[in-house]
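A.B. asks: Take a look at the letters that make up each chain.
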Amino acid sequence: MNKYLERLYNGIIKENPTMILMLGMCPTLAVSTRAINGIGMGLSTTAVLILSNVVISILRKAIPDEVRLPAYIVIVASLVTVTELLIEAYLPSLYEALGIYIPLIVVNCIILGRAEAYANKNEPGVSAMDGLGMGLGFTIALTIAGALRELIGNGTLFGANVMPAGFEPIGIFVQPPGAFLVIAFIIMIMNAIGIKTRQRKLVESSCDGCCSACASRCEKAEGGDDK
Amino acid sequence: MKSLILIVITSALINNVVLNQFLGICSFLGVSKQIKASASLGVAVIFVITIASAVASLLYDYILAPLGMDFMKTIVFILVIAALVQIVEMFLKKTSPAIYKALGIFLPLITTNCAVLGVALTNVQNGYNFIQSVLCGFGTAVGYTIAIVLLASIRSRIHEEDIPAPLRGAPIVLISAALMSIAFMGFSSLNF
Numbered sequence: 001m002n003k004y005l006e007r008l009y010n011g012i013i014k015e016n017p018t019m020i021l022m023l024g025m026c027p028t029l030a031v032s033t034r035a036i037n038g039i040g041m042g043l044s045t046t047a048v049l050i051l052s053n054v055v056i057s058i059l060r061k062a063i064p065d066e067v068r069l070p071a072y073i074v075i076v077a078s079l080v081t082v083t084e085l086l087i088e089a090y091l092p093s094l095y096e097a098l099g100i101y102i103p104l105i106v107v108n109c110i111i112l113g114r115a116e117a118y119a120n121k122n123e124p125g126v127s128a129m130d131g132l133g134m135g136l137g138f139t140i141a142l143t144i145a146g147a148l149r150e151l152i153g154n155g156t157l158f159g160a161n162v163m164p165a166g167f168e169p170i171g172i173f174v175q176p177p178g179a180f181l182v183i184a185f186i187i188m189i190m191n192a193i194g195i196k197t198r199q200r201k202l203v204e205s206s207c208d209g210c211c212s213a214c215a216s217r218c219e220k221a222e223g224g225d226d227k
Numbered sequence: 001m002k003s004l005i006l007i008v009i010t011s012a013l014i015n016n017v018v019l020n021q022f023l024g025i026c027s028f029l030g031v032s033k034q035i036k037a038s039a040s041l042g043v044a045v046i047f048v049i050t051i052a053s054a055v056a057s058l059l060y061d062y063i064l065a066p067l068g069m070d071f072m073k074t075i076v077f078i079l080v081i082a083a084l085v086q087i088v089e090m091f092l093k094k095t096s097p098a099i100y101k102a103l104g105i106f107l108p109l110i111t112t113n114c115a116v117l118g119v120a121l122t123n124v125q126n127g128y129n130f131i132q133s134v135l136c137g138f139g140t141a142v143g144y145t146i147a148i149v150l151l152a153s154i155r156s157r158i159h160e161e162d163i164p165a166p167l168r169g170a171p172i173v174l175i176s177a178a179l180m181s182i183a184f185m186g187f188s189s190l191n192f
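Each protein sequence line maps, in turn, to chains A and B.
Once you know that position 160 of the first sequence is 160 in this note's numbering, the rest is easy, because the numbers rise by one and skip nothing.
Once you know that position 75 of the second sequence is 75 in this note's numbering, the rest is easy, because the numbers rise by one and skip nothing.
Read the hints as simulated data drawn from the structure, not as lab findings.
There could be a bad hint or two in this list.
Facing chain A, a subset of chain B residues (Cβ under 10 Å, in silico) [unchecked claim]:
no.	residue
1	N20
2	I78
3	A115
4	L150
5	S153
6	S156
7	A170
All values reported here derive from a predicted model rather than from experimental measurement.
For each residue, glycine too, the CB sits at the ideal point set by N, CA and C.
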């Protein structure tokens, strides 16, 4: 397979950041109340991810190894600020819905994880595709979770009424507990049909926190299957 | 005075940082295997979030806001938090090795805990002054500690039960968290 397409396949299916690697759980749980919020959050993160991968890939020889994490954080934080201002200016309703979770894209494990595991040792072109693949994988996972919660909790899908007239929405699913429940059921179904999440592996390699810097260390410890 | 107490209770219980706002989920799910480790992480989080909210509040009120550089807050806060955790780590190492030994491994982990940045940004959003920010940070961190210690206790019981195979691992932990979250929703009907 073409190496650019391979990156897309890897991000969306093989190493789906949310469903397989279990990274970025905070935004997944928080903004999946509506399918449309899931898409909005997913695409914002995708934009940041592609740009940060490209910038870091271009600068990978210029950034000294010892200070690379602070350097990555500054790059990601700048890109997030730009994205936040753009969303505030052009998509005010999305800005209202996502609120504090837009600036919090900075601490999304997926972004620093990809910088550390992929962008800092690959060409800008493939790094961009890697960002696109991972971003789309994240977007799809968020949209599925959002669609399920909206469907069960509110009886609508993308704001349109789709359930039969007698359907009584189960309100808890659009409230905080529903987020935990929906993700638990999705992983349960994946376990039952034999799709393995890699979280167990991450935990076993003693990276219990599983957030950004730590997660990337885990991926390295696993032998860096990105090579 | 009453409003200050209200800030602490609201941020600890009603708007619980983990169960209601989904911040710090990574460490909440990752470190909650043992009660002791969870409690240590909780104390480290209380320590760091309280100091970070104080510093972030001062920086915002006296540097960013007067200069009209509101848009820089995300970048400034994340850098300040990262540096702060390093300083706290070095300070503890020199002054109180006992505390450092207990909290040491958790401190670097906290840098990437979204709850720290989340609280700093929420404080700015709510327009809290210095004292309110510190109390809100403290309350949030206490809420985090309560949640993670409770989940660790539940997990130590789950560990001995016979769970259906597909539910083992992450799903059962998430379902426990969901039930805790339902319980915490009860606090939202508190009246003052």
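A.B. asks: Does each hint fit the structure? Answer for all of them.
C.D. replies: Cross-check of the supplied hints:
The closest approach between the C-beta of N20(B) and any C-beta of chain A is roughly 5 Å, which is under the 10 Å cut-off, so the hint is satisfied. Satisfaction of the interface hint for I78(B) is found here, the shortest Cβ-Cβ separation to chain A being roughly 5 Å, below the 10 Å cut-off. Nearest Cβ of chain A to the Cβ of A115(B): about 9 Å, under the 10 Å cut. The hint holds. Of the supplied interface hints, the one on L150(B) is violated, with its beta-carbon coming no nearer than about 14 Å to a beta-carbon of chain A, more than 10 Å.
The beta carbon of S153(B) is not positioned within 10 Å of any beta carbon in chain A (closest approach about 17 Å), and the interface hint is therefore violated. A distance limit of 10 Å between C-beta atoms decides the matter here; for S156(B) the minimum to chain A is near 15 Å, and the interface restraint is violated. Using the Cβ-Cβ criterion of 10 Å, the hint placing A170(B) at the interface with chain A is satisfied: the shortest such distance is roughly 5 Å.
In terms of the numbered hints stated before, the structure departs from hints 4, 5, 6, listed from lowest to highest.
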